[in-house]
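Protein sequence lines, in the order shown, are assigned to chains A and B. With the working numbering applied, the first sequence covers 1 to 278. With the working numbering applied, the second sequence covers 1 to 278.
Keep in mind that the hints were calculated from the coordinates and are not lab data. Source: prediction; values computed, not measured. Accuracy of the hints is not assured; some may be wrong.
Chain copies aren't distinguished; within one or between two, either way the pair holds.
To be verified - As a list, the in silico DSSO-like pairs of lysine-lysine whose alpha-carbon atoms are at most 30 Å apart:
hint, residue 1, residue 2
1, K41, K2
2, K148, K228
3, K228, K178
4, K161, K14
5, K256, K103
6, K148, K203
7, K75, K94
Protein chains: 2
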Amino acid sequence: MKPVIITSVSEMIKVSRSIKTSIGLVPTMGFLHEGHLSLVKRAKQETETVVVSIYVNPSQFAPNEDLDKYPRSFKRDIQLLAELDVDYVFFPDKREMYPEGYKTWITVEKISRILCGKSRLTHFRGVTTIVTKLMNLVNADFMFMGEKDYQQIVILEQMIKDLNFKTRIVRCPLIREKDGIAMSSRNKYLSSQQHEDALCLYKSLLMAQEKYEEGLTDSAEIIIQMKKLIERCNGVVDYIEVVDPNSLQAISNLLKGCRILVAVKIGKTRLIDNIEIN
Amino acid sequence: MKPVIITSVSEMIKVSRSIKTSIGLVPTMGFLHEGHLSLVKRAKQETETVVVSIYVNPSQFAPNEDLDKYPRSFKRDIQLLAELDVDYVFFPDKREMYPEGYKTWITVEKISRILCGKSRLTHFRGVTTIVTKLMNLVNADFMFMGEKDYQQIVILEQMIKDLNFKTRIVRCPLIREKDGIAMSSRNKYLSSQQHEDALCLYKSLLMAQEKYEEGLTDSAEIIIQMKKLIERCNGVVDYIEVVDPNSLQAISNLLKGCRILVAVKIGKTRLIDNIEIN
Numbered sequence: 001m002k003p004v005i006i007t008s009v010s011e012m013i014k015v016s017r018s019i020k021t022s023i024g025l026v027p028t029m030g031f032l033h034e035g036h037l038s039l040v041k042r043a044k045q046e047t048e049t050v051v052v053s054i055y056v057n058p059s060q061f062a063p064n065e066d067l068d069k070y071p072r073s074f075k076r077d078i079q080l081l082a083e084l085d086v087d088y089v090f091f092p093d094k095r096e097m098y099p100e101g102y103k104t105w106i107t108v109e110k111i112s113r114i115l116c117g118k119s120r121l122t123h124f125r126g127v128t129t130i131v132t133k134l135m136n137l138v139n140a141d142f143m144f145m146g147e148k149d150y151q152q153i154v155i156l157e158q159m160i161k162d163l164n165f166k167t168r169i170v171r172c173p174l175i176r177e178k179d180g181i182a183m184s185s186r187n188k189y190l191s192s193q194q195h196e197d198a199l200c201l202y203k204s205l206l207m208a209q210e211k212y213e214e215g216l217t218d219s220a221e222i223i224i225q226m227k228k229l230i231e232r233c234n235g236v237v238d239y240i241e242v243v244d245p246n247s248l249q250a251i252s253n254l255l256k257g258c259r260i261l262v263a264v265k266i267g268k269t270r271l272i273d274n275i276e277i278n
Numbered sequence: 001m002k003p004v005i006i007t008s009v010s011e012m013i014k015v016s017r018s019i020k021t022s023i024g025l026v027p028t029m030g031f032l033h034e035g036h037l038s039l040v041k042r043a044k045q046e047t048e049t050v051v052v053s054i055y056v057n058p059s060q061f062a063p064n065e066d067l068d069k070y071p072r073s074f075k076r077d078i079q080l081l082a083e084l085d086v087d088y089v090f091f092p093d094k095r096e097m098y099p100e101g102y103k104t105w106i107t108v109e110k111i112s113r114i115l116c117g118k119s120r121l122t123h124f125r126g127v128t129t130i131v132t133k134l135m136n137l138v139n140a141d142f143m144f145m146g147e148k149d150y151q152q153i154v155i156l157e158q159m160i161k162d163l164n165f166k167t168r169i170v171r172c173p174l175i176r177e178k179d180g181i182a183m184s185s186r187n188k189y190l191s192s193q194q195h196e197d198a199l200c201l202y203k204s205l206l207m208a209q210e211k212y213e214e215g216l217t218d219s220a221e222i223i224i225q226m227k228k229l230i231e232r233c234n235g236v237v238d239y240i241e242v243v244d245p246n247s248l249q250a251i252s253n254l255l256k257g258c259r260i261l262v263a264v265k266i267g268k269t270r271l272i273d274n275i276e277i278n
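Turn these sequences into a full structure, and let the hints guide you.
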């Protein structure tokens with residue numbers, strides 16, 4: 001059945017406060033792919049009422065980034081969500097979310113300044129702020145997020161813990177295309193040659209896992225080899241880091257359960273990926 | 001009846017989530033006076049379950065401020081709250097509120113940087129952050145705050161609106177001693193001579209009201225006269241400002257409904273006061 005579409009903040013509050021069951025939130029920027037849909041399916045399994053938000057949040061884009069050209073497909077998104085029996089879609093506009101005179105921002109120190117936060121200075125401030133607004137508006141008990149945006153999940157978990165929000169994050173696995181590329185709305189920007197090149201992110205991560213299994217644990221050495229592989233495929237490395245999965249701090253030796261995170265530019269498109277080392 | 005005293009975050013969450021009635025929160029730093037008690041009485045009138053928090057929040061004190069010597073009187077506070085039939089007192093310690101690795105802060109731009117924010121740079125960031133934590137932990141429907149801390153109320157209202165929190169602030173009037181001094185835990189720092197001197201804050205505000213009634217509306221002129229009065233009483237002016245009551249922006253002419261806010265040092269003690277011009 002088609003979900004109920006809510007476009008105003010006041011209506012979203014009215015609806016969410018009248019729901020007596022558990023509420024699951026899946027925050028998205030639309031242009032839904034299998035990655036998003038896997039979150040929705042998980043939400044349907046684990047909560048009684050599911051709200052999917054579709055909002056391309058301007059505050060997490062820097063002025064030089066792709067806000068204006070970010071892909072949109074609202075009609076198709078609704079069809080996909082209807083097939084999954086989603087109850088509500090929250091689809092506000094900018095005036096609803098950031099009315100004139102808007103002034104409030106949430107910052108998670110340190111872990112917002114590393115990795116993606118180094119090149120995207122205000123990105124995570126935009127994410128933490130919009131997610132807080134959505135959690136409050138939807139009165140969410142659970143929020144379903146993919147490990148594709150690994151740093152984002154760690155930052156939001158820290159915020160929820162620090163500020164004592166009731167919402168709990170349910171981490172869901174990263175979903176890949178058959179060829180291995182991590183699902184992302186930004187893959188749409190890639191030409192077919194660039195798509196081919198972009199496979200290097202995952203390939204470099206798989207290579208790291210292999211090297212680890214062969215006994216190589218030195219982070220610096222593995223990063224050098226990953227960089228070479230990525231550059232051979234015309235990728236420009238923003239960062240490759242081996243980190244502790246909880247603190248996101250760089251670690252000098254790979255060990256079971258650590259994460260390797262990469263950000264790479266393929267042409268003008270910046271892509272991220274990560275794996276857990278096992 | 002003696003209130004139930006809760007000292008841990010986990011217990012506060014458990015209790016607040018089990019309450020099925022409306023919940024009123026009165027956030028305090030303890031050392032309760034009639035000002036606080038007027039908030040509690042109002043909360044008792046308007047909500048079914050009342051939680052008073054007592055927590056001297058370190059993050060709203062700068063290193064050079066009076067955190068360590070801030071007056072405390074927990075036993076007496078509990079007696080006073082028992083007389084008012086308060087249901088719960090939330091009395092956490094610093095480890096509960098800011099555990100190791102704490103990283104998250106809420107900032108309300110612009111209006112946190114003026115007035116008291118000019119000399120107390122991180123004060124309001126500490127206030128917005130702790131109040132968010134308390135609202136979440138107590139699951140508060142209403143929060144009762146005094147207009148003594150006028151800038152604080154405006155900042156918190158802005159934050160609640162911007163982040164779409166469900167809690168509503170109930171503004172309560174500033175309460176004065178018989179001699180006119182605004183009630184404040186910091187009045188305890190004053191010697192009897194200083195207490196006498198400190199009456200100049202309210203006297204200067206009353207003078208402004210009188211001048212306004214006589215037809216003087218020029219903010220600059222009124223501020224000069226107020227400053228003279230305060231300095232005659234050994235007060236050192238931090239600021240005197242005539243402001244729009246909603247935006248807190250300085251206005252050049254007094255008009256009905258505007259606020260005059262003052263901050264004055266009497267000896268080492270910094271005091272604030274304000275009135276609405278009518």
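Hint-by-hint comparison with the structure:
no.	hint	verdict
1	K41 to K2	within (15 Å within a copy, 49 Å between copies)
2	K148 to K228	within (23 Å within a copy, 63 Å between copies)
3	K228 to K178	within (24 Å within a copy, 78 Å between copies)
4	K161 to K14	both (27 Å within a copy, 15 Å between copies)
5	K256 to K103	between (43 Å within a copy, 27 Å between copies)
6	K148 to K203	within (15 Å within a copy, 62 Å between copies)
7	K75 to K94	within (19 Å within a copy, 50 Å between copies)
In the structure shown, no violation is registered for any of the earlier numbered hints.
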